[in-house]
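Chains A and B, in that order, are what the protein sequence lines are.
Each residue of the first sequence is one higher than the one before, counting from 1 in the working numbering.
Each residue of the second sequence is one higher than the one before, counting from 1 in the working numbering.
No lab work stands behind these hints: they were computed from the structure.
Be aware that a few hints might be false.
[Claimed, not checked] Computed cross-link-like contacts, EDC-like style, restricted to lysine to aspartate or glutamate with a CA-CA straight-line distance of at most 16 Å:
hint, chain 1, residue 1, chain 2, residue 2
1, A, K46, B, E145
2, A, K46, B, D79
3, A, K46, A, E125
4, A, K196, A, D237
5, A, K149, A, E201
6, A, K37, A, E66
7, A, K50, B, D79
8, A, K46, B, E81
9, A, K391, A, E378
10, A, K90, A, E125
11, A, K393, A, E361
12, A, K273, A, D326
Just so it is clear, the structure is predicted and the values come from calculations on it, not from any experiment.
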Amino acid sequence: MRFSVIWIIPILAAAVAIGLVIQRAVSEGPVITIEFKSASGIEAGKTFIKYKDVRIGVVSAVTLSEDYSKVLVKAKIAKHATGLMVEDAKFWIVEPRISLNGVSGLNTLLSGNYIGFQAGKSPEEQRTFVGLDEPPTIRDQPGRRFILKARTLGSLGIGDPIYYRGLLVGQVALYNLVENGKSVEITVFIDSPYDKYVTPETRFWNASGIDVSVGADGIDVRTESLAALLAGGVAFDTPDYLPPGSPADENSSFTIYRNRAIAMRQPDPVERKFVLYFNESVRGLSVGAPVTLYGLRVGEVAQVGLHFDSVTKTFRPRVLVTFFPDQLVARMTARQQVEGGKALLAFEQEARIKLLRQNVEERGLRGQLKTGSYLTGELYVAFEYFPNAPKVKLDWTRDPLELPVVPGGFANIEAKLSSILTKIDNMPLNAIGTEVKDALAVLNQTLKDAGLMLKNVDAKLVPEGTRTLEDMRRAIGSADRVLKNTDATLFGKDSPAPQDLRDTLQEVTRAARAVRILVDYLERHPEMLIRGKTEEKP
Amino acid sequence: MTAEAPTAAQAGLLSCEACQMLSRPAAPGMPEYCRRCGERLQFRHYGSVQQTWALIIAAAICYLPANMLPVLRTTTLGDSEGDTILSGVAFLYATGSWPLALIVLVASVMIPLGKLVALAYLLLTVQFGSVESNRERTRLYRLVELIGRWSMLDVFVATFTVAMVQLQPLMYVQPGAGVLFFAAVVVLTMLAAEVFDQRLIWDSAYPHTERHG
Numbered sequence: 001m002r003f004s005v006i007w008i009i010p011i012l013a014a015a016v017a018i019g020l021v022i023q024r025a026v027s028e029g030p031v032i033t034i035e036f037k038s039a040s041g042i043e044a045g046k047t048f049i050k051y052k053d054v055r056i057g058v059v060s061a062v063t064l065s066e067d068y069s070k071v072l073v074k075a076k077i078a079k080h081a082t083g084l085m086v087e088d089a090k091f092w093i094v095e096p097r098i099s100l101n102g103v104s105g106l107n108t109l110l111s112g113n114y115i116g117f118q119a120g121k122s123p124e125e126q127r128t129f130v131g132l133d134e135p136p137t138i139r140d141q142p143g144r145r146f147i148l149k150a151r152t153l154g155s156l157g158i159g160d161p162i163y164y165r166g167l168l169v170g171q172v173a174l175y176n177l178v179e180n181g182k183s184v185e186i187t188v189f190i191d192s193p194y195d196k197y198v199t200p201e202t203r204f205w206n207a208s209g210i211d212v213s214v215g216a217d218g219i220d221v222r223t224e225s226l227a228a229l230l231a232g233g234v235a236f237d238t239p240d241y242l243p244p245g246s247p248a249d250e251n252s253s254f255t256i257y258r259n260r261a262i263a264m265r266q267p268d269p270v271e272r273k274f275v276l277y278f279n280e281s282v283r284g285l286s287v288g289a290p291v292t293l294y295g296l297r298v299g300e301v302a303q304v305g306l307h308f309d310s311v312t313k314t315f316r317p318r319v320l321v322t323f324f325p326d327q328l329v330a331r332m333t334a335r336q337q338v339e340g341g342k343a344l345l346a347f348e349q350e351a352r353i354k355l356l357r358q359n360v361e362e363r364g365l366r367g368q369l370k371t372g373s374y375l376t377g378e379l380y381v382a383f384e385y386f387p388n389a390p391k392v393k394l395d396w397t398r399d400p401l402e403l404p405v406v407p408g409g410f411a412n413i414e415a416k417l418s419s420i421l422t423k424i425d426n427m428p429l430n431a432i433g434t435e436v437k438d439a440l441a442v443l444n445q446t447l448k449d450a451g452l453m454l455k456n457v458d459a460k461l462v463p464e465g466t467r468t469l470e471d472m473r474r475a476i477g478s479a480d481r482v483l484k485n486t487d488a489t490l491f492g493k494d495s496p497a498p499q500d501l502r503d504t505l506q507e508v509t510r511a512a513r514a515v516r517i518l519v520d521y522l523e524r525h526p527e528m529l530i531r532g533k534t535e536e537k538p
Numbered sequence: 001m002t003a004e005a006p007t008a009a010q011a012g013l014l015s016c017e018a019c020q021m022l023s024r025p026a027a028p029g030m031p032e033y034c035r036r037c038g039e040r041l042q043f044r045h046y047g048s049v050q051q052t053w054a055l056i057i058a059a060a061i062c063y064l065p066a067n068m069l070p071v072l073r074t075t076t077l078g079d080s081e082g083d084t085i086l087s088g089v090a091f092l093y094a095t096g097s098w099p100l101a102l103i104v105l106v107a108s109v110m111i112p113l114g115k116l117v118a119l120a121y122l123l124l125t126v127q128f129g130s131v132e133s134n135r136e137r138t139r140l141y142r143l144v145e146l147i148g149r150w151s152m153l154d155v156f157v158a159t160f161t162v163a164m165v166q167l168q169p170l171m172y173v174q175p176g177a178g179v180l181f182f183a184a185v186v187v188l189t190m191l192a193a194e195v196f197d198q199r200l201i202w203d204s205a206y207p208h209t210e211r212h213g
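Next comes chain B alone, as it looks inside the complex (with noise of 0.2 Å):
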């Protein structure tokens, strides 16, 4: 993209977010709804920065929990064991299935955490207006925005595994703690890619342009 043509903020158009049609503003600082489809029109989100940050500082707050208390507590003969996801990893390890253990590494210890690192990034090259690498942060942005949803992976399996031993009182597993505070962390990070404007990663190439936010 050259800089010559101009966008469309600088020729004062809106596009609608649910149906991408563009509509001129009445006049700024009016609240503004699209045409066709009611959409409320915004040149970018409101708060997207401020929300974005909130969000990730709960999910790295929950991930502290989530990481230390048990995620499931089995129970075998009366004896109770709670494992924490690291310890199920280094469990699964152990006894030989190092592909269950790469897999819940990278889904459950690895992608959470890249995922709040990638945002607290974005968000910090976007108030600090950093021009070059602009098109590798989208691609990072999509990256977290698509795989961001596979973590609750291991939620799902938690709870699968809850669900089917259920031999009482040989063996049951009853969920921990720590399953909840993981999905909690995943959640919010959802949320987070979700409220943040990837608009805005591209601002920062015309400085000049009005923002809203």
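One chain only, chain A, in its complex shape (with noise of 0.2 Å):
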């Protein structure tokens, strides 16, 4: 029997067969086991182990180990990732985590669980592990960690960037509580190389999402970047007038604050506080509110507070205000700094309380509150001089010390209300009404006299004008009489006087032509007084 052609097909089908079979054999990496404590949301077949975000293994099996009290993960790894199982390779289960540590793996939520991986340095290989309980805290890049501490967490979360000038240099890394419960660290990794950018002056501050304040300086809105606006984050920089320093020790604390203005005000090494009492509402006066002089930021409010004085058995609004004299010595010309710095930053506390006692006493300088934003009616506190204000007696001993103050501006014209007020009601209305009556009586009287006197002139005096009228218009028909003759005589008609008078123009004319013809030629020819009129050549 000969074997037909047809063999070709069970051949051909087995050599695809083993093809693939030994395809698989040759790109398979070695399986690997790794203990847990528990298998959350692995799943065989389906939960990956990833390293950088690339699929280096899936996991193949799921069981419990021989005293069920842990758990053996079986995965097989691919190929081209073998050289990475060596003993110190770290594997932990990366799964949406809230703990008192922290809040990561979110982004498990939707894709599942994952086994993350991070490389060991070790050249031997091994092939069972025992797997972390935690993502590990040591980072295979270059770079440092450093803490941030802050009052509450904010909007931060982990792996949120830290920018420097707008570039992305770090994450966050993790965050917990300090053991007293009363604020956060947070534990931030800046990569290399701006890790030495940090240096124990420089200032973090939270740039996530949109900060937006409403305060006595108006509204404001500030944004780190439209990814920070996404995702949120925290920046860092040194403020300009520090010295550059040495970059910071790995692991040193910094605190957090709310803002880049307020991080890169911190701290005006100089403060000096002050307590004012107002008699006023204090409501819409915030902490952190300004104190301006003239209008000048010069500090912030601290505190506001009441008090109760025993002596008057009433309460009153307390302010304390924080004043940093570095804020009005840098509004200073550079000459006049030398001089004010002198002055406000001179650590005699003599001569400073001297020279505000002058301000004081002297030139009237009280705080008031005013309105900052009708808006929002929000307060500050602003001083200014006030030349006519009642003088107060200040205890100049008291720390902190007592600045006197003066109605606000809704108060002032609520004063200025009622004084207008207290006015009109203390003019005379009824002395005037009285004189007013009188006054019309009186008025009443003439108007009747007046009548009176009109009779009389119609009575006796009309008739002599009637008579009057009669002689003006008889004198008046004659002049008209004498107009009309002269007008027949002088220029009627037939009357001589125009014929004649026209006829002496018309000579007059004549004569005045020939005189000027005459004068004509004689400034043409001026010889002709001595020889006379020659033909006219033509």
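Put the complex together from the two separate chains, hints included.
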């Protein structure tokens, strides 16, 4: 029996099948076993092992250990990642994790848990590992870690970016509550080479989202970048006016400030506290509201409270303000800064108090509550000189010093209005009314008299007037006749005068013309006077 | 049928496969062609048994990857999953549509397997010359030939799914290698059934018949 050609088909099929098998076998990497405490979200065939976001392996089986206390996860590693399976390689389960140590792994809510991997440095190969319970804190990238302290976490989260002058230079690694539970510690990791820009003088601030603050300064909207808007983050920088320093040590701690303005403002090395007692409502005055001198910011409100005066047994608002002399000095010219600096920053308290006293008592420096924004009703404390302010008696020895105040803007308007009303009230309206009545009575009488007078006029003067008018009329009639005669005489149709007049005028015109011709001729031929008129040559 | 009536082979007649005309071959061993339609006249398909075996073996070889490799690869939101025929059946059963699971099981697993087994059985009985239950065997052969093509239903469903579910990046389906091997299995078994000359079943009843295969 001949072997027909048809046997090629099964041979081909066999070849393909065997080829597949061989290819599978050859491209298979090692199988490793990882021991975990629990296999949360690990599924055979579905859960991957990821390193640098590349799938380097897949879980093939999940079983319990022999003593049923641990979970053994068998995973097939891809061929190209075989070299990574060394002794100190680390595995951990990446899952959404909320604990006192922070929140992480939220991206796995969408994609499902996976096993994270961190490469080790050992050259020894290994196939069984013990998985970590939590992601390892030591990263395998060059850079440094720093601790940031804040009162609240705000909108920060693990993995949030850290910016330096707009560049992404690091990320939030994890965060936790401090022991006493009153503040939060955030560990951030700054990649090199940017970690050298973190000096002990560096300020960190929260660059998350949009920072909108409404204060007596107005509405302030700030965002770091569109990315920060969406993702949130922390930014840092070192104030320009400070000398550059050496890079900070690893794990040094810093405070996170609420926004850039506050961060770069801190700290003013010198601050003086003063207390002000107001007699009006301080609603709308918030901590941090500006304290101004002639409208320029020189400090801020530190505390708004209430004071019970034991002498008068009344309550009064008590406002504690912080004055930063640096801010005042910074506003002056360079030359004056030296003088002003001496006066304000001088360490001799006596000299300072003397200057202040002079301003208060002689110049009338007073504090006043003013409305910063009519929209929100925010108040701020303004210091100005009120020469007409009432004198005050202050205790210049107490600490913090008390500064005098004058009623604020609204209170002023109120006072003015009330004084106007008082004036109106004080006007002798009754008396005025009586006088007006009398005047009216007199006027009435006057009018009556006038009426009588007119009647007299009518009776006596009018006939006289009539006669006078008659005479006048007659006179005018005569004058009219005279004029008519004159008219006929002088200018009538056949009166001689006009005709004669006309003739005379014509003669005069002819004579004038002749004279003119003569003068013209004379001008052209002056010799005519001597020679006489010669014949005109054509 | 009684054994007294002579068979066409015993009478030296050949039936044309295409037009069924009976002809008497001129001389044994020479190639004959039907006078009416021109189709080549053969007593039995030449090498039918061998060819059928070859095709069955090829189909059997392909059957393993067909079930082990994924037929469809579904990618949902970046996460892709491959489904073999059996895992698809399990999934359908687990999600409650057991009629579908049953259909897929029957059409994709049982029928190809059944065909392979049936054809192998027929070949063996032909080769060993067994006589009894020839009629059942013929019926079996007819069944195999009839339902063979319906296994392509699974391939059709897979192709249809791939064509319809293309909603990148939300969800999309790609065919896996398993569907190619599965189609190969179905095609090979269909060819095997075609190549097998069912008249061979009855030759065992007439042991003295001249056979050319």
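Proposed proximity, E361(A) with K393(A) (alpha carbon, max 16 Å): This hinted pair holds, its Cα atoms lying about 9 Å apart.
For a C-alpha distance cap of 16 Å, please report whether K37(A) and E66(A) respect it. holds, 13 Å
For K46(A) and E125(A), compute the direct alpha-carbon distance and say whether it is at most 16 Å. violated, 25 Å
Holds or violated: K391(A) to E378(A), with C-alpha atoms at most 16 Å apart: violated, 29 Å
Assess, step by step, whether the Cα of K196(A) is no farther than 16 Å from the Cα of D237(A), and give holds or violated. holds, 12 Å
Is K50(A) within 16 Å of D79(B), Cα to Cα? holds, 14 Å
Against the 16 Å threshold, does the CA-CA distance of K46(A) and D79(B) hold or violate the hint? Holds: K46(A) and D79(B) sit about 9 Å apart, inside 16 Å.
Is the straight-line distance between the alpha-carbon of K90(A) and that of E125(A) 16 Å or less? holds, 13 Å
CA of K273(A) to CA of D326(A), is that 16 Å or under? holds, 14 Å
Compare the distance between the alpha carbons of K46(A) and E81(B) with 16 Å, and conclude whether the hinted pair is satisfied. Holds, because 8 Å separates the two Cα atoms, which is no more than 16 Å.
For the pair we were handed, K149(A) and E201(A), check the Cα-Cα distance against 16 Å. holds, 15 Å
Does E145(B) lie within 16 Å of K46(A) when you go C-alpha to C-alpha? violated, 41 Å
When each numbered hint is compared with the structure, violations occur for hints 1, 3 and 9.
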